[in-house]
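Undergrad: Given these sequences and hints, build the entire structure.
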Amino acid sequence: ILEYVKHCERLCSTEDCIPGTGTYLRHGYIFASLAGYVLRKNEGEELPVISVVRETEAQLLPDVGAIVTCKVTSINPRFAKVHILYV
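Under the UniProt record's numbering, the first residue of the sequence shown carries the number 1, and numbering increases by one thereafter.
It should be emphasised that the hints constitute simulated quantities derived from the structure, not laboratory data.
It is possible that some hints are incorrect.
To be verified - Within a straight-line C-alpha distance of at most 16 Å, the following computed EDC-like cross-link-like pairs (lysine to aspartate or glutamate) qualify: (1) K41 / D63; (2) K6 / E55; (3) K41 / E3; (4) K41 / D16.
Said to hold, decoys possible - Restraint ranges, calculated between C-beta atoms of paired labels, are given here: (5) G65 / G28: 33 to 39 Å; (6) N42 / V68: 20 to 26 Å; (7) Y4 / A66: 19 to 25 Å; (8) E15 / A35: 20 to 26 Å; (9) E15 / H83: 34 to 40 Å.
Just so it is clear, CB atoms sit at the ideal spot from N, CA and C, and this is done for glycine as well.
TA: Encoded structure:
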């Protein structure tokens, strides 16, 4: 179950998590910069990365190894930027 948070809601201390997308730092705490669902991921870091995504983004977020249908929006020699259509 995903936790829904409001804009400017305090999520956790910077000692517990690393701020990700949809968050900002203030006085040693991580806050939501938008209303949405909280995602916590361990990306090889010691602390989990905490992010906030809107409802439609939360439904489209794939896991590693997931098969997705995407539309390529831009590309360069190092990476392709895509819009995820279906997971």
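Undergrad: Run every hint past the structure and note whether it holds.
TA: Each hint, compared with the structure:
1. Between K41 and D63 the CA atoms are separated by roughly 10 Å; this keeps the pair inside 16 Å, and the hint holds.
2. A distance of roughly 12 Å separates the Cα atoms of K6 and E55; the hinted pair therefore holds under the 16 Å criterion.
3. Between the alpha carbons of K41 and E3 the distance comes to roughly 14 Å, so the proposed pair stays at or under 16 Å and holds.
4. Distance hint between K41 and D16 is fulfilled; the C-alpha atoms sit about 12 Å from each other, no more than 16 Å.
5. Restraint check, G65 to G28: a C-beta distance of roughly 36 Å satisfies the suggested window 33 to 39 Å.
6. Taking 20 to 26 Å as the suggested C-beta distance range, the pair N42 and V68 conforms, at roughly 21 Å.
7. Range check, Y4 to A66: Cβ separation about 23 Å, and the 19 to 25 Å hint holds.
8. Evaluation of the 20 to 26 Å hint for E15 and A35 yields a pass: the beta carbon distance comes to about 25 Å.
9. The beta-carbon spacing between E15 and H83, approximately 35 Å, falls within the hinted interval of 34 to 40 Å.
Checked against the numbered hints listed earlier, the structure breaks none of them; every hint is satisfied.
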